[in-house]
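Chains A and B supply the protein sequences, listed in that same order. Under full-length UniProt numbering, the residue at position 265 of the first sequence is numbered 265, and the numbers go up by one with no gaps. Under full-length UniProt numbering, the residue at position 133 of the second sequence is numbered 133, and the numbers go up by one with no gaps.
In case anyone wonders, no lab produced these hints; they're calculated from the structure. A portion of the hints provided could be inaccurate.
Claimed, not checked - Cβ-Cβ distance ranges computed for the label pairs, FRET-style:
#, chain 1, residue 1, chain 2, residue 2, range
1, B, L246, A, T99, 15 to 21 Å
2, B, Q112, A, G339, 40 to 46 Å
3, B, E243, A, A134, 53 to 59 Å
4, B, K210, A, E269, 35 to 41 Å
Said to hold, decoys possible - Just a sample of chain A residues kept apart from chain B, beta carbon distances all over 12 Å, derived:
#, residue
5, L68
6, R198
7, H201
8, M245
9, V266
10, A293
11, E316
For clarity, every value in this text was computed on a predicted model and none was experimentally measured. All C-beta atoms in this analysis are idealised placements derived from N, C-alpha and C, irrespective of residue type, glycine included.
In case you want the letters, here they are:
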Amino acid sequence: MSEQSHGGPDHTGAVEHAGVEESGKYAIDNPGLPPHRPRLADEDPKAAKRAERQAAFLFGLSIVGTLLFFVGYFVVGQIGPDTTFATIRLQNMLLGLGTAFAMLGIGVGIVHWAKTLMPDHETTELRHEVRTEADRQVAVGMIEDIIDETQVKRRPLLRNTLIGAGVLAVLPAIAIFRDLDDTDNRSEFAAENFGPERLRHTMWATDVRLVRDPTGTPIKASDVTIGSAFHVIPEGLNELDPHEMLNQKAKAVVLLMRLNPEDMQVSPEREDWNVDGIVAYSKVCTHVGCPVALYEQHTHHLLCPCHQSTFDLTQECKVIFGPAGHALPQLPIRVNEEGFLVARSDFHEPVGPAYWERG
Amino acid sequence: MKALSQKRRHPIAGLALLLLGLLITGGLYSVASTMNQAQASNTGSSYSAEDITEGEKLFNANCATCHGVEAVGTENGPTLVGVGAASVNFQVGTGRMPMQMQGPQAQAKPNQFSDEQTAQLAAYVASLGAGPAIPEEQYLDTDHEDVDLGNGGTLFRVNCAMCHNAAAAGGALTRGKYAPPLAGVSEQHIYEAMITGPQNMPVFSDANIKPEDKRDIIAFLKQIESQGSPGGAALGSLGPVSEGLLVWTGGLAVLIGFMVWLTSRSS
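Based on the sequences and whatever the hints tell you, model everything.
What follows is the structure in structure tokens.
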């Protein structure tokens with residue numbers, strides 16, 4: 001590693017070729033390194049001075065950038081209720097440009113300094129041939145040393161207790177995954193609040209009214225004209241505390257649409273799930289849970305914006321395109337005595353993406 | 001007179017005569033249409049019998065090919081009985097009808113009819129069956145004292161943003177259809193689109209979203225349109241698509257430029 005040579009600014013010309021193989025060994029002789037070429041700043045003090053000024057200018061630019069950032073941050077002011085869009089735009093611009101100049105100025109300045117002014121030695125390091133067999137012997141020797149020094153062969157007690165500990169250490173994982181199983185007889189509280197049971201049920205239940213998102217006003221069946229789309233939440237959702245409200249909303253959101261009953265194919269067991277062509281489907285995509293709400297009223301397609309899964313409303317939201325695994329769950333609905341739409345029950349299957357033991 | 005008749009076989013004579021004829025026709029037409037416009041300005045929600053007759057003539061000449069005589073519909077176009085004046089005003093007023101060609105959906109283009117002709121067509125179609133009327137002025141006034149921009153924004157995000165994009169920049173639907181961007185669309189046309197559900201857009205009737213709430217939505221749209229993006233270049237407000245494209249092409253080009261500069265020798 002000591003075979004280095006230096007071609008500095010003070011002695012220009014060809015770099016020494018240390019350790020070049022004798023000619024004739026290769027088809028083409030080693031051409032060596034190109035001759036060292038001095039930079040402008042190496043020879044001309046004026047050029048060196050100029051390069052110094054340029055680097056200093058770049059550092060100065062960085063300082064100005066930082067100041068610009070603080071002008072944006074403190075002088076333009078904090079954002080309050082009266083802040084106009086123009087102010088926010090100005091502030092964003094100053095923060096962005098300030099940071100960019102502050103960073104770029106330092107970086108570009110340092111590189112410029114290094115490239116023009118710092119000494120440019122050229123160094124040659126030779127690469128040795130890899131001696132396979134010898135290197136392998138060294139590696140084997142190391143492993144033998146390890147086995148020898150740790151004494152695993154001589155002390156089987158140590159070895160066996162370590163193997164035992166390793167095997168046992170995996171077992172807690174089985175217990176953790178067992179918690180996801182909902183077929184055992186865990187306490188009712190645990191079943192409802194942890195694990196998959198939370199996902200299996202939503203807020204929808206018998207006679208819960210369908211209300212508009214976000215106002216919470218109930219929907220009369222007569223309000224839903226053909227071609228309409230309503231974004232629906234269960235009544236009482238807005239009264240929950242904000243954290244729980246979001247948890248429940250994420251599962252219970254529904255899209256309510258009305259189409260001509262003649263256009264619908266209704267399976268026998270779902271005959272009373274719609275009201276004169278008014279149908280309600282879960283808005284949670286069965287692929288990865290994006291809200292499916294892009295409804296086309298003439299083609300009756302429901303499109304998920306994330307991965308283009310397309311559901312056909314006329315075929316009970318069967319998947320007709322895209323990666324979704326199964327149809328959107330339908331919410332059975334009916335009209336109550338006052339003419340408002342209510343749920344007949346919760347969804348008959350879990351909403352959302354793939355879920356084990358569906359049914 | 002004799003000089004004129006002698007020149008009647010001059011090669012330019014025919015051209016001159018044609019130009020004269022066109023000039024007279026055009027002049028008469030423009031006079032006639034300004035007179036008609038003066039009459040049309042006093043048509044509100046009720047239409048005169050004359051409007052309906054004129055509208056029927058226009059309809060038979062321009063629309064009946066696809067929508068059928070009496071607007072009963074053909075296999076190329078749906079029936080227009082009961083679609084209402086609002087639908088006609090939207091479809092014809094934004095240039096979507098008459099359709100340029102059959103396709104995934106009708107596209108907005110320069111208007112093919114004057115405001116007055118549009119009103120006459122609307123009068124005729126409205127006379128065929130009851131449907132949504134042209135919205136009242138008070139629900140289009142985005143400076144109204146009761147306007148609640150926050151409410152408009154919430155309703156827009158719940159009901160409209162999934163197709164039209166959170167910044168109202170539009171978006172793609174299935175099989176070549178799309179939700180158009182909403183910037184530059186008039187208050188009246190936005191309202192009419194909500195109550196009539198043009199193309200594949202669902203209907204958002206006044207029973208679903210109250211007229212006052214529709215006004216809030218329109219005011220919100222006008223607000224974001226006039227304010228622009230708070231973060232500089234919006235790049236079409238298309239989110240990760242355009243922003244990612246810019247970074248992966250422009251950003252990479254800058255990085256490559258820096259690499260070339262870093263490894264180049266100083267002169």
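Beyond 12 Å from every Cβ of chain B: is that where the Cβ of H201 of chain A lies?
24 Å, holds
Within 40 to 46 Å: is that where the Cβ-Cβ distance between Q112 of chain B and G339 of chain A falls?
Once the Cβ atoms are compared, 43 Å apart, the range 40 to 46 Å for G339 of chain A and Q112 of chain B holds.
Just want to verify: E316 of chain A was marked as not at the interface with chain B; is every Cβ pair farther apart than 12 Å?
18 Å, holds
Over 12 Å from every CB of chain B: does R198 of chain A meet that, or does the non-interface label fail?
Nearest chain B Cβ is 25 Å from R198 of chain A, so the label holds.
For the hint 15 to 21 Å, verify it against the beta carbon of L246 of chain B and that of T99 of chain A.
For L246 of chain B and T99 of chain A the Cβ distance comes to about 18 Å; the hint holds.
Hey, is L68 of chain A genuinely clear of chain B, shortest beta carbon separation above 12 Å?
At about 15 Å from chain B, L68 of chain A clears the 12 Å cut-off, so the statement holds.
Against chain B, does V266 of chain A keep a CB gap of more than 12 Å to every residue?
21 Å, holds
Far enough from chain B: is every CB of that chain over 12 Å from the CB of A293 of chain A?
A293 of chain A not clear of chain B: closest Cβ-Cβ about 4 Å, inside 12 Å.
Tell me if the beta carbons of E243 of chain B and A134 of chain A are separated by a distance inside 53 to 59 Å.
With a Cβ separation near 55 Å, E243 of chain B and A134 of chain A satisfy 53 to 59 Å, so the hint holds.
If I claimed the Cβ atoms of K210 of chain B and E269 of chain A lie 35 to 41 Å apart, would that claim hold in this structure?
37 Å, holds
Determine whether the non-interface label on M245 of chain A survives the test: each CB of chain B must be over 12 Å from its CB.
It holds; M245 of chain A is separated from chain B by about 15 Å at its closest Cβ, greater than 12 Å.
Of the numbered hints given earlier, the model fails hint 10 alone.
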